Amino acid sequence: MTLRRLHVLVTGTSSDAHTWNLIFLQLALEEAGHDVTNLGPCVPDDLLTETCVRLRPDALVISSVNGHGHADAARAAAVVRHDSRHDAMPIIVGGLLGTAGNPNAVHAPALEAAGVTAVLEKDDLPELMRLLAEIRTAVAATPAAVAAPAAAATPAAARQLEGAR
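Just so it is clear: in the sequence shown, position 15 is 20 by the working numbering, and no numbers are missing.
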């Protein structure tokens, strides 16, 4: 069985202006064979949801390193999940999601309650790759009629959104 490439939407949170984490993720995911649309930093929730509707990505990866990502990511996930077309889309959140203690573990229950599929620890690229491999296998087992809209979303189509920002 040949597995098709996943289309992964990578985004920062609305309050996080950092870009290096997003570029690193994009390059790592592309090197792993995925098609990536990188929305960049400071992404408003409405642009994120509009992009999910237009591109129908196989997975959404939200990264934050400003220490406030838990609140922004929970809100963004809840807004994305409000649209039933995204019920099955995995939402993976990682980075530095808080400022004290072990913030990712502390905030994981609230993020999961908001619709996040997985909360990764800071710098856990191997776990992200493992999750995406599972998603890729699951997508391959999905009937073609269901998988077709996501497969049709290409990076070229995503680049059209850049002018909208």
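Some clues are possibly wrong.
Stated by the list, open to error - Ranges of calculated distance between the beta carbons of each label pair, as one might list FRET restraints: (1) V58 <-> E35: 36 to 44 Å; (2) A146 <-> G106: 38 to 46 Å; (3) P148 <-> V111: 38 to 46 Å.
No wet-lab data here; the hints were simulated from the structure. Because the structure is a prediction, the values reported are computed rather than measured. Note that CB positions come from ideal geometry on N, CA and C, so glycine has one too.
Now the hints, each set against the structure:
no., hint, in the structure
1, V58 <-> E35: 36 to 44 Å, "violated (23 Å)"
2, A146 <-> G106: 38 to 46 Å, "holds (39 Å)"
3, P148 <-> V111: 38 to 46 Å, "holds (39 Å)"
Comparing the model with each earlier hint shows a violation of hint 1 alone; every other hint is respected.
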